[in-house]
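K.L.:
Protein chains in written order, with the working numbering: chain A, 1 to 406; chain B, 1 to 406.
It is worth saying that the hints were derived from the structure and are not from the lab. You may find that some hints are simply not true.
Since the list gives no way to pick one copy over another, a pair counts as held whenever it fits inside one copy or between any two copies.
Straight-line C-alpha distance at most 27 Å; calculated DSSO-like pairs for lysine-lysine [unchecked claim]:
no. : residue 1 : residue 2
1   : K80       : K249
2   : K279      : K249
3   : K226      : K45
4   : K4        : K398
5   : K45       : K398
6   : K80       : K279
7   : K80       : K398
8   : K45       : K279
9   : K398      : K226
Owing to the predicted nature of the structure, the values given are computational and were not obtained by experimental measurement.
There are 2 protein chains.
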Amino acid sequence: MLDKGNVLVAFGGGPTAVINETLVGVVLECRFRVRNVYGAKNGVKGIIGQEFVDLTRETNHNLELVAGTPSAALGSTRMKPDAEDCEQMLRVMRAHNIRHFFYIGGNDSAETTRIIAESAAVIGYDLRCIHLPKTVDCDLVQNDHTPGYGSAARYVAKYFLGGNRDNWALPGIYIVVTMGRHAGFLAASAALGKQFPDDGPHIIGLPERPFVLDRFLGQVDDAMRKYGRCVVAVSEGIHEGDGVPITAKLAQHQEIDAHGNQQLAGTGVLGDWLFHQVKTRTSYSRVRVETLGYGQRSYPDRSDVDAREAREVGEKGVQFALGDNQNGSVTIVRTGPYTVDFGLERLEAVAGLTRTMPPEYLTECGTNVTDAFHIFVRPLLGSGMPHMYRLRENPVPKIDLDRMFV
Amino acid sequence: MLDKGNVLVAFGGGPTAVINETLVGVVLECRFRVRNVYGAKNGVKGIIGQEFVDLTRETNHNLELVAGTPSAALGSTRMKPDAEDCEQMLRVMRAHNIRHFFYIGGNDSAETTRIIAESAAVIGYDLRCIHLPKTVDCDLVQNDHTPGYGSAARYVAKYFLGGNRDNWALPGIYIVVTMGRHAGFLAASAALGKQFPDDGPHIIGLPERPFVLDRFLGQVDDAMRKYGRCVVAVSEGIHEGDGVPITAKLAQHQEIDAHGNQQLAGTGVLGDWLFHQVKTRTSYSRVRVETLGYGQRSYPDRSDVDAREAREVGEKGVQFALGDNQNGSVTIVRTGPYTVDFGLERLEAVAGLTRTMPPEYLTECGTNVTDAFHIFVRPLLGSGMPHMYRLRENPVPKIDLDRMFV
Chain A
1 MLDKGNVLVA FGGGPTAVIN ETLVGVVLEC RFRVRNVYGA KNGVKGIIGQ
51 EFVDLTRETN HNLELVAGTP SAALGSTRMK PDAEDCEQML RVMRAHNIRH
101 FFYIGGNDSA ETTRIIAESA AVIGYDLRCI HLPKTVDCDL VQNDHTPGYG
151 SAARYVAKYF LGGNRDNWAL PGIYIVVTMG RHAGFLAASA ALGKQFPDDG
201 PHIIGLPERP FVLDRFLGQV DDAMRKYGRC VVAVSEGIHE GDGVPITAKL
251 AQHQEIDAHG NQQLAGTGVL GDWLFHQVKT RTSYSRVRVE TLGYGQRSYP
301 DRSDVDAREA REVGEKGVQF ALGDNQNGSV TIVRTGPYTV DFGLERLEAV
351 AGLTRTMPPE YLTECGTNVT DAFHIFVRPL LGSGMPHMYR LRENPVPKID
401 LDRMFV
Chain B
1 MLDKGNVLVA FGGGPTAVIN ETLVGVVLEC RFRVRNVYGA KNGVKGIIGQ
51 EFVDLTRETN HNLELVAGTP SAALGSTRMK PDAEDCEQML RVMRAHNIRH
101 FFYIGGNDSA ETTRIIAESA AVIGYDLRCI HLPKTVDCDL VQNDHTPGYG
151 SAARYVAKYF LGGNRDNWAL PGIYIVVTMG RHAGFLAASA ALGKQFPDDG
201 PHIIGLPERP FVLDRFLGQV DDAMRKYGRC VVAVSEGIHE GDGVPITAKL
251 AQHQEIDAHG NQQLAGTGVL GDWLFHQVKT RTSYSRVRVE TLGYGQRSYP
301 DRSDVDAREA REVGEKGVQF ALGDNQNGSV TIVRTGPYTV DFGLERLEAV
351 AGLTRTMPPE YLTECGTNVT DAFHIFVRPL LGSGMPHMYR LRENPVPKID
401 LDRMFV
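Isolated chain A (complex conformation) (with noise of 0.2 Å):
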């Protein structure tokens, strides 16, 4: 049975690893539904200038192969629409008969199609509004996780089993800058490459705790000295205690300097910093900071189990709007270990708002994480993670060379 009216889909912000998942969910569990999906491209954007495409007349193949595809297939934007966009997407919408929107985006996103449903509400038109959740910072309020995490976290945690043994292999001090700029979790994420006792990362800079240089550096100098290496993960949204991140402290700073580099903030400028201190007020020679990239949500070597989520997020949400008549944002919800169920929330209860890491995943000085976050995380990553294995190192006794060449 056709419903009277036609879907629209579109993508916000960043994308990630499985994001097109959602949209394939939505899509083909529309299918025999209603007559038309269109997708807008690039988001907001392409909903106000009416770039719409016809998704309806995909084929089920490519579907399934752009599901499997990192990054939005439509497009994305970083753009948040006023009031009077929002004004102007509702016409479109009447326009072209939209009945039922979903929105995949993260918090901001959330709050767009919250204010969309809400206008929509207010003159009477009958439309459904879905959130379906996006992000690699895990970051949403009323979810256990969020699509789009797990296979970042998947990333970062290889890059740190990885990385490790090569920091092993030729020692010294060695930091990674991670996305997540209120969140933690990513950051976090970099645990999982830790399998040996001595094993990095020996140090965490989270968002969720004041970073103290002071106590970095000591604790850099206590890794030093009993494992003769360091390794080192921080989140791009540590601070001081003021909240304000030093990331956007420094970028301000360099923009007096007019080095013209202020759109660094979040790539390079902390590792630069973090580098600084530990070269000038360390004794220690090697050290190498790096930055992560867009791999961390485009690298194709996604979770399953992600990918899995992020599917069905776009199918529950179909049902919740199509069979329900609902409006919401759809959460994940963890019901056993491992198992979820999809359940939807108001959009109120989830626009705008930030989650950050529960304290019971952070150890009490604040720079590692429990167990609790490695039962919380372990079970995102996917299949097929790798594990890392050393020599046993038998010793061969020493000979004395004075001796026996005499």
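Since the structure of chain A is provided, determine the placement of chain B on it from the hints.
P.N.:
Chain B alone, transformed into the frame defined by chain A:
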């Protein structure tokens, strides 16, 4: 039949994802041929200091697991031994009755192997010395390619496969700096991130050709006009025609500035400089620069082709030394599409020499690669390389809203 002496194996230089395969190839091929196989910890440092582990006492099973683990399981070193060091190493080898020495590394390690072989010959000490190739840069002469490169190229190619789609979804200028100080093979492997005709990388900066800034900025502009976006791969070794890497010049300049950042050479400075040039000399606002790190040599997602060749290199080395009583450097020779065989070159023919990309792999303008390079590199990436798919984008006709909502 047990040979009279013992075997020593060690690593030199940066690790790779498959370097342990070569180690294990040596150890397993030596079993039942010699009494003891020793591994030196941290390369020549461990030889000088007699830091040996008895690899004969490792289980076959653990050796196989270590073979599958990235990074150098004996540890490595950046140390370049001088004449005195080589003399000391020879004393240690004589004390431990080492009669076969295998050194796994790049052209510097080949040079070390050559010096030790020569010194042994001078004093009439019977020692077979074999250099086993390893480098992610693929810059060893006499080789079609080298163990470690295939896995590194796989990482870079996959990184660009995802990164290109990311840049498509949120368009702008996206520049990624790769390893490769003297040879562009690794930066060039970014070309494998290209599937559709408009995919990036649109420009590849290689040390084999001078980097001309004005031309580069013109090419960026061309791509932006043509595709609305631009993806760039740049080798850390690019120079402006004088052979001195831009990175080295920037580091020197920073040293004068006393910013304490000089060691970032090869890490962030080249990316920062490119960012600054693009931001100040073009009108485009969305510019993102990343510098790939140790993931290129340690990310646990290796090429199976690379892994099996690395293993055979170790095995063949033992056969050449113990079976044929020869010194030399084991080489990989391509014999067909796609088959290889292994040869043995004189140490002098490999030691200290650098191979760069042959002209037929570069397009005339020097900022992209030819089909010949694709044919060269594709088999080396191994099985299971992902493919990217996209929607067919069947457009939905626009509606004249002003006419509709009169």
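K.L.:
Hint by hint, say whether it matches the structure.
P.N.:
For each hint, the structure was consulted:
In this assembly of identical chains, the alpha carbons of K80 and K249 lie at most 27 Å apart only when taken from the same copy (24 Å versus 42 Å across copies). Taking identical chains as interchangeable, the C-alpha atoms of K279 and K249 lie at most 27 Å apart whether they share a chain (20 Å) or sit on different chains (20 Å). For a Cα distance limit of 27 Å, the shortest separation of K226 from K45 across copies, 21 Å, qualifies, whereas the shortest one inside one copy, 54 Å, does not. In this assembly of identical chains, the alpha carbons of K4 and K398 lie at most 27 Å apart only when taken from different copies (20 Å versus 85 Å within one copy).
Proximity of K45 to K398 under the C-alpha cut-off of 27 Å is restricted to the inter-copy arrangement: shortest distance 14 Å between copies versus 71 Å within a copy. In this assembly of identical chains, K80 and K279 lie within 27 Å of each other by CA distance solely across copies; the values are 24 Å between and 40 Å within a copy. In the homo-oligomer, the alpha carbons of K80 and K398 lie at most 27 Å apart only across protomers (23 Å), although the nearest pairing inside one protomer, at 68 Å, exceeds that limit. For a Cα distance limit of 27 Å, the shortest separation of K45 from K279 across copies, 25 Å, qualifies, whereas the shortest one inside one copy, 45 Å, does not.
With identical chains, the CA atoms of K398 and K226 are at most 27 Å apart within one copy only, with a shortest distance of 24 Å there and 66 Å across copies.
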